[in-house]
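Chemist: Next come the chains, spelled out residue by residue.
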Amino acid sequence: AQSVAQPEDQVNVAEGNPLTVKCTYSVSGNPYLFWYVQYPNRGLQFLLKYITGDNLVKGSYGFEAEFNKSQTSFHLKKPSALVSDSALYFCAVRVLNTGGFKTIFGAGTRLFVKA
Amino acid sequence: DTGVSQDPRHKITKRGQNVTFRCDPISEHNRLYWYRQTLGQGPEFLTYFQNEAQLEKSRLLSDRFSAERPKGSFSTLEIQRTEQGDSAMYLCASSLVTGARGETQYFGPGTRLLVL
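Quick mapping for you: the protein sequence lines, in order, are chains A and B.
The first sequence begins at 1 in our numbering and counts up one residue at a time.
The second sequence begins at 116 in our numbering and counts up one residue at a time.
If you're looking for bench data, these hints aren't it; they were derived computationally from the structure.
Only true hints are included.
Quick list of in silico lysine-lysine cross-link-like pairs, DSS-like style, CA-CA up to 30 Å:
#1 A:K49 with B:K172
#2 B:K126 with B:K186
#3 A:K77 with A:K114
#4 A:K114 with A:K49
#5 A:K102 with B:K126
#6 A:K22 with A:K102
#7 B:K172 with A:K102
#8 B:K186 with B:K172
#9 A:K22 with A:K69
#10 A:K102 with B:K186
Model the full assembly from the supplied sequences, consistent with the hints where possible.
Modeler: So this is what it looks like as structure tokens:
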């Protein structure tokens, strides 16, 4: 079955330290991968996506993600975390099924950045 | 604001009542999606429209759920005879599909439904 997994429910990091939010996927064919962020009582905001090309993708707010085909991973990273980065992060994969392309979301990882 | 908007933002209803939510997509976007999100979970796909055509419905969408996009612009999602299990955040997203597979969906703020 095609799926996306976020193995950590929560990630804690001190402000100024690098952060990583993990994502692994299982799809047939080439994956189209996305990261979204959700602040309390808000909808999801698009951060970045990988379609093809350079494995390191840069996105909004200083975030980047590295596509690793051999490890089927697409981890989200930021060199220096801010308190304002505290939010819920969702990894998503776009897959082809019988009805066309569909986006499957992971369960989310809550990021806490402590001052 | 030119983003995706949803109305209402919150809805409290009694079990058995009907509710209707509205989504206004980004104006030039031709595709519109509905998702449901429960606490601690990522969004789950419900249905989507390409212009006014409803192209796919999830098995999550029971007969009590119906969605429309009559003029290819705004969309409504109606839930009839609501049940407590329908309590969730209902998210709308829109995108501009130009043939590229990596379309980006832009989400509205959601409508939080509580069924008592």
